[in-house]
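Novice: Protein chains in written order, with our numbering: chain Z, -15 to 46; chain Y, -15 to 46; chain R, -15 to 46; chain C, -15 to 46; chain U, -15 to 46; chain B, -15 to 46.
None of these hints come from the bench; they were simulated from the model.
A couple of the hints might just be wrong.
DSSO-like mimics (lysine-lysine), calculated; alpha carbons at most 27 angstroms apart, straight line [said to hold, decoys possible]: (1) Lys32(C) <-> Lys14(C); (2) Lys44(C) <-> Lys44(Z); (3) Lys17(C) <-> Lys32(B); (4) Lys44(C) <-> Lys6(C); (5) Lys45(B) <-> Lys17(C); (6) Lys17(R) <-> Lys32(R); (7) Lys32(B) <-> Lys32(C); (8) Lys32(U) <-> Lys6(U); (9) Lys17(Z) <-> Lys14(C); (10) Lys6(C) <-> Lys17(C); (11) Lys17(U) <-> Lys44(R); (12) Lys6(R) <-> Lys32(R); (13) Lys6(C) <-> Lys45(B); (14) Lys14(C) <-> Lys17(B); (15) Lys44(U) <-> Lys44(Z); (16) Lys45(Y) <-> Lys44(R); (17) Lys44(U) <-> Lys32(Z); (18) Lys17(B) <-> Lys14(U); (19) Lys44(C) <-> Lys6(R); (20) Lys44(B) <-> Lys6(B); (21) Lys45(B) <-> Lys44(R).
Protein chains: 6
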Amino acid sequence: MPIVRIELWEGRDNEQKELLIKEVSISVSKALKIPPEQVFVLLYDVPKSHWGIAGIPASKKR
Amino acid sequence: MPIVRIELWEGRDNEQKELLIKEVSISVSKALKIPPEQVFVLLYDVPKSHWGIAGIPASKKR
Amino acid sequence: MPIVRIELWEGRDNEQKELLIKEVSISVSKALKIPPEQVFVLLYDVPKSHWGIAGIPASKKR
Amino acid sequence: MPIVRIELWEGRDNEQKELLIKEVSISVSKALKIPPEQVFVLLYDVPKSHWGIAGIPASKKR
Amino acid sequence: MPIVRIELWEGRDNEQKELLIKEVSISVSKALKIPPEQVFVLLYDVPKSHWGIAGIPASKKR
Amino acid sequence: MPIVRIELWEGRDNEQKELLIKEVSISVSKALKIPPEQVFVLLYDVPKSHWGIAGIPASKKR
């Protein structure tokens, strides 16, 4: 009954998010030997302005 | 000083969220025998397209 | 299909945690008008030494 | 630069967790078309006594 | 390689968030004696209507 | 009323964690111009075996 939470940079389209949900669910199901129905995946879009690396928002990186 | 975080499907109105905050705070307060002032509740609306079950976004389920 | 996460100070016994899970699940179920089977509650025990308020671990407060 | 957090029931051995990290990282990398070096995966073991379903800890379910 | 997540009330401007990312990254880097490149900071704006204290949304407090 | 959550590799001693709580609380307080009493900091020790980078647990990295 695992719960997967993925934080990713804002900007991916729904098609790619759908693929991400699918692929990760299959991986978790296989690795833990559980039916895919038991896998939950929640995606969080985080704006680059809200994601700091080395003290600087990713939106300001070149 | 418990912190409660609730992820729910996007689409509830503010009235229902307010009720949710109220009821959960009372429950936590009673179960842990602490004053309600010490209970924090944070709600996260998650779009159905970002919530996968069995590898498929909830927005695509029938 | 809400997911509830509760962070609380380490030290409660299992009986109290069981009551907490029960009461919160009922509250969420009622407030959102969904069957209790759809409510997940995860508890996290946080040591007081790992929980800072006003810059000081709760374990050091009098 | 996605961050993946997986909550799972306590009790898996390290070998299975290692496989889980590997498979999920590959899936994320492929689905998002990013190098695997940019994928972080954090696992959280949650005791069944701390994981409630339908108001009852998973440790009490038959 | 610490990951810092900060939930704050919605309404701060980007300049202040940028300062927050900077200052927190420096603090973590110094306290843990690691290079700032290894510090990640993610900000979450939470609407006051979604942040309950003592059973009442912060948006309803006077 | 910000809530800060920091995930770090297991193995730091309590003295260093106390310093981390202190420094981060001061930074948040200053950057957001709020009294330190309103800042909460929660630390999570994550074992290196549970923290994957590039598909490999940090415990297996050289």
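Novice: Next pair to validate is Lys44(C) with Lys6(C); report whether the Cα-Cα distance is within 27 angstroms.
Specialist: Cα-Cα ~32 angstroms, so violated.
Novice: Mind checking the alpha carbons of Lys17(C) and Lys32(B) for me, to see if they're no more than 27 angstroms apart?
Specialist: holds (26 angstroms)
Novice: Is Lys17(U) close enough to Lys44(R), meaning Cα to Cα at most 27 angstroms?
Specialist: holds (23 angstroms)
Novice: Within 27 angstroms, alpha carbon to alpha carbon, are Lys44(U) and Lys44(Z)?
Specialist: violated (36 angstroms)
Novice: Within 27 angstroms, alpha carbon to alpha carbon, are Lys44(C) and Lys44(Z)?
Specialist: Violated, because 50 angstroms separates the two Cα atoms, which is more than 27 angstroms.
Novice: Please verify whether Lys45(Y) and Lys44(R) have alpha carbons no more than 27 angstroms apart.
Specialist: Violated, because 50 angstroms separates the two Cα atoms, which is more than 27 angstroms.
Novice: Decide if the proposed pair is consistent with the structure: Lys17(Z) and Lys14(C), CA atoms, cutoff 27 angstroms inclusive.
Specialist: OK: Lys17(Z) and Lys14(C) at ~21 angstroms, within 27 angstroms.
Novice: Mind checking the alpha carbons of Lys14(C) and Lys17(B) for me, to see if they're no more than 27 angstroms apart?
Specialist: Violated, at about 43 angstroms.
Novice: Between Lys6(C) and Lys17(C), is the straight-line Cα distance small enough, at 27 angstroms or below?
Specialist: holds (16 angstroms)
Novice: Is the straight-line distance between the alpha-carbon of Lys32(C) and that of Lys14(C) 27 angstroms or less?
Specialist: Between Lys32(C) and Lys14(C) the Cα gap is close to 32 angstroms, so the pair fails against 27 angstroms, i.e. violated.
Novice: Regarding the pair Lys17(B) and Lys14(U), is the alpha-carbon distance no greater than 27 angstroms?
Specialist: Measuring from Cα to Cα gives roughly 21 angstroms; hence the hint holds.
Novice: Could you grab the alpha-carbon distance between Lys45(B) and Lys44(R) and see if it respects the 27 angstroms cut-off?
Specialist: Given pair Lys45(B), Lys44(R) is violated - Cα atoms ~36 angstroms apart, limit 27 angstroms.
In terms of the numbered hints stated before, the structure departs from hints 1, 2, 4, 6, 14, 15, 16, 17, 20 and 21, listed from lowest to highest.
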